[in-house]
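Residue numbers (our numbering), protein chains in the order written: chain P, 1 to 556; chain R, 557 to 661.
I should point out that these hints are in silico values taken from the structure, not numbers from a laboratory. Possibly wrong hints are sitting among the right ones.
To be verified - The calculated lysine to any residue pairs, modelled on SDA-like cross-linking and capped at a C-alpha distance of 25 Å, are:
#	chain 1	residue 1	chain 2	residue 2
1	R	Lys612	P	Phe159
2	P	Lys246	R	Val614
3	R	Lys612	P	Gln22
4	P	Lys477	R	Phe628
5	P	Lys477	R	Gly641
6	P	Lys275	P	Phe159
7	R	Lys612	P	Asn24
8	P	Lys477	R	Arg632
9	P	Lys246	R	Gly641
10	P	Lys478	R	Asp592
For reference, the chains in residue letters:
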Amino acid sequence: MYRYDEFDKAFVTARIAEFSDQINRRLVGEITEEEFMPLRLRNGVYLQLHAYMLRVAIPYGTLSSQQLRKLAYIARCYDRGYGHFTTRQNIQFNWPRLVDIPEILKELAEVEMHAIQTSGNCIRNITSDHFAGAAADEFADPRPYAEILRQWSSLHPEFSYLPRKFKIAVVGAQTDRAAIQLHDIGLWLKRNSSGKLGFTFYIGGGQGRTPMVAKLLHDFVLEEDLLSYTTAIIRIYNLYGRRDNKYKARIKILIHETGLQKLREEIEKEFAVLKASELKLHQSDIDAINTYFRAPDLTDCSEWHYNLKQLRLNDSAFGDWVNQNVTAHKHPDYAIVTISLKSTGGVPGDATSDQMDTIANLAEQYSKNELRVSYHQNLVLPHVALGDLKTIYDTLLATGLASANIGLISDVIACPGLDYCTLANARSISVAQQISTRFSSYERQMEIGAIKLNISGCINACGHHHIGNIGILGVEKKGTELYQLTLGGSAGNNCAIGEVTGRGFTADEIVDAVEVVINTYLSLRQSSEESFINTYRRIGIELFRQALYGTTRKIS
Amino acid sequence: MPLKILTANRLIDGRPVWYCADGGWSEEFSDAAVADTPHACTLFELAARQAIASNKVVDATLINVESHNGSFVALRLRERIRANGPTTHRCAENQNIYGEYRVSL
Ligand code: SF4
Numbered sequence: 001m002y003r004y005d006e007f008d009k010a011f012v013t014a015r016i017a018e019f020s021d022q023i024n025r026r027l028v029g030e031i032t033e034e035e036f037m038p039l040r041l042r043n044g045v046y047l048q049l050h051a052y053m054l055r056v057a058i059p060y061g062t063l064s065s066q067q068l069r070k071l072a073y074i075a076r077c078y079d080r081g082y083g084h085f086t087t088r089q090n091i092q093f094n095w096p097r098l099v100d101i102p103e104i105l106k107e108l109a110e111v112e113m114h115a116i117q118t119s120g121n122c123i124r125n126i127t128s129d130h131f132a133g134a135a136a137d138e139f140a141d142p143r144p145y146a147e148i149l150r151q152w153s154s155l156h157p158e159f160s161y162l163p164r165k166f167k168i169a170v171v172g173a174q175t176d177r178a179a180i181q182l183h184d185i186g187l188w189l190k191r192n193s194s195g196k197l198g199f200t201f202y203i204g205g206g207q208g209r210t211p212m213v214a215k216l217l218h219d220f221v222l223e224e225d226l227l228s229y230t231t232a233i234i235r236i237y238n239l240y241g242r243r244d245n246k247y248k249a250r251i252k253i254l255i256h257e258t259g260l261q262k263l264r265e266e267i268e269k270e271f272a273v274l275k276a277s278e279l280k281l282h283q284s285d286i287d288a289i290n291t292y293f294r295a296p297d298l299t300d301c302s303e304w305h306y307n308l309k310q311l312r313l314n315d316s317a318f319g320d321w322v323n324q325n326v327t328a329h330k331h332p333d334y335a336i337v338t339i340s341l342k343s344t345g346g347v348p349g350d351a352t353s354d355q356m357d358t359i360a361n362l363a364e365q366y367s368k369n370e371l372r373v374s375y376h377q378n379l380v381l382p383h384v385a386l387g388d389l390k391t392i393y394d395t396l397l398a399t400g401l402a403s404a405n406i407g408l409i410s411d412v413i414a415c416p417g418l419d420y421c422t423l424a425n426a427r428s429i430s431v432a433q434q435i436s437t438r439f440s441s442y443e444r445q446m447e448i449g450a451i452k453l454n455i456s457g458c459i460n461a462c463g464h465h466h467i468g469n470i471g472i473l474g475v476e477k478k479g480t481e482l483y484q485l486t487l488g489g490s491a492g493n494n495c496a497i498g499e500v501t502g503r504g505f506t507a508d509e510i511v512d513a514v515e516v517v518i519n520t521y522l523s524l525r526q527s528s529e530e531s532f533i534n535t536y537r538r539i540g541i542e543l544f545r546q547a548l549y550g551t552t553r554k555i556s
Numbered sequence: 557m558p559l560k561i562l563t564a565n566r567l568i569d570g571r572p573v574w575y576c577a578d579g580g581w582s583e584e585f586s587d588a589a590v591a592d593t594p595h596a597c598t599l600f601e602l603a604a605r606q607a608i609a610s611n612k613v614v615d616a617t618l619i620n621v622e623s624h625n626g627s628f629v630a631l632r633l634r635e636r637i638r639a640n641g642p643t644t645h646r647c648a649e650n651q652n653i654y655g656e657y658r659v660s661l
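Just chain P, with the same shape it has in the complex (with noise of 0.2 Å):
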């Protein structure tokens, strides 16, 4: 993992010292909240419904073991005893006091965390694979160019004021599995023909009120150009994105009122530029940061196949949950666990402070003292010893982590929604819950497959409902929650935005919505292979509007 080195100590003690001493300003009345609300933003602070809250970074969503205890630590002390993993890979505390903010962020400088970039028209914290490094299919680890971003990013002068939020994701598998068309930047790292790494540049992907899959920038920029690159984009979308209307000011509308050719050649322009400036990156340089990133020392052992297998057969829960959870490693005696912080009625992506310590605990017993966060709020332990699996999932069922539903229904992604949020229009965690309770059967699970269900309690869309294969958003009307669900969303290499299905539904109907649209499914599927977006794609939406407008009758 990434050590801080000298310049990035400085910079978040200072910074923390500017914001404290900020926060103490504040508390004496020294500035108004007008003056300080931009303040607190710039290092993570909102003002939700019912406290503050604290997101604080993770990047590309990479943890130790200590990092996560500190983190398990400061929801103890200072916070109720719980964190939130949100869909940007970062954490999120729901109760931290003003006066106690000085000391949580001295707590994480501790452990080389911090919330700065967690907010505000900047470049935000780049996300990336949460298998990098571990995964069979990756052609080279992303997190190495995800911190080398990262530095560059921090703090930069350039770009602390952009027209709006700009998010960066990478990944360097044959799975994009950090959804980079659904981010202004999505970096590909490929090798070219002759075996060069670098980079295929998507930008203008998004979510919010106005969804849109990226577009191909640049089939292939050579990993030394990265950031140069990168420059050339972001200068661009600075000069000339809009800064009168807050609803049009991301590089997709720049892109969607000013053509990509248009902007591509001015890129371009600026690039060529940039290319040879202190920007380019050096091999060596390159090679710096990647011995961060080496891989860890993994011990050959055919003989747990053998022993897993019998475990497998000797305990047919284990067994379920190695199918769901357990993902293939690089390493062939290797496996990637994924945690599910889906428990049947649970909070999507709530973990306690004691789940936190006894997952610190596991990785750094049985994964090199690694940890990964995902977009679908789920935590991945990514370097497990195939003999490990068993003991790790009995520590995890009496934990209450060992549900065994990775990527089917009950894994379900959710923002906070009305129950934290100040901009929320309905609530996201309920439906949530309902979901994961109305279909908590294992059986019934794996009989609908493998499926997304993604919940956002605004058209902020913080919950990715544009990009589920079902998507729930919230809205409110006369005063009540109403939620319209849209049909047909992916992330990944096939990315594509859902349709609305039609009219919403209550508070009350929704659920049974979204059993009509799975009962529907079921019935219309060639065979228990089709899964649902599959289904979905040869079928289109028309025969899910006859059964849920032509069944549900209370809609209103």
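Following the hints, complete the assembly by docking chain R with the ligand onto the known chain P.
Just chain R with the ligand now, with coordinates in the frame of chain P:
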């Protein structure tokens, strides 16, 4: 006119608070004073400005309530959730969105 109460978030910790008849702020929604005349609303607005100026609270707002079975209930679900806490979490076991406003979970 619709009945109004004055609510805000406390500066020091962000907790929701409600303006009371004695001129203080309470963490309990049920302690809130209710304005039923334009004059009372004007006094509430003055109290809000003073509390903001003295850095006690932020985001002070008048919200609509109505009388229901002898107590007052905020009209918007958002405000009922602010008053009662999250509806979904283990830390919110005692939370109650009551009366006809209960939303089935
Ligand atoms: S989608 Fe809306 S309700 Fe949900 S967290 Fe984002 S801003 Fe809040």
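Hint-by-hint comparison with the structure:
no. : hint                : result
1   : R:Lys612 - P:Phe159 : violated (35 Å)
2   : P:Lys246 - R:Val614 : holds (24 Å)
3   : R:Lys612 - P:Gln22  : holds (17 Å)
4   : P:Lys477 - R:Phe628 : holds (22 Å)
5   : P:Lys477 - R:Gly641 : holds (22 Å)
6   : P:Lys275 - P:Phe159 : holds (19 Å)
7   : R:Lys612 - P:Asn24  : holds (14 Å)
8   : P:Lys477 - R:Arg632 : holds (11 Å)
9   : P:Lys246 - R:Gly641 : violated (31 Å)
10  : P:Lys478 - R:Asp592 : holds (23 Å)
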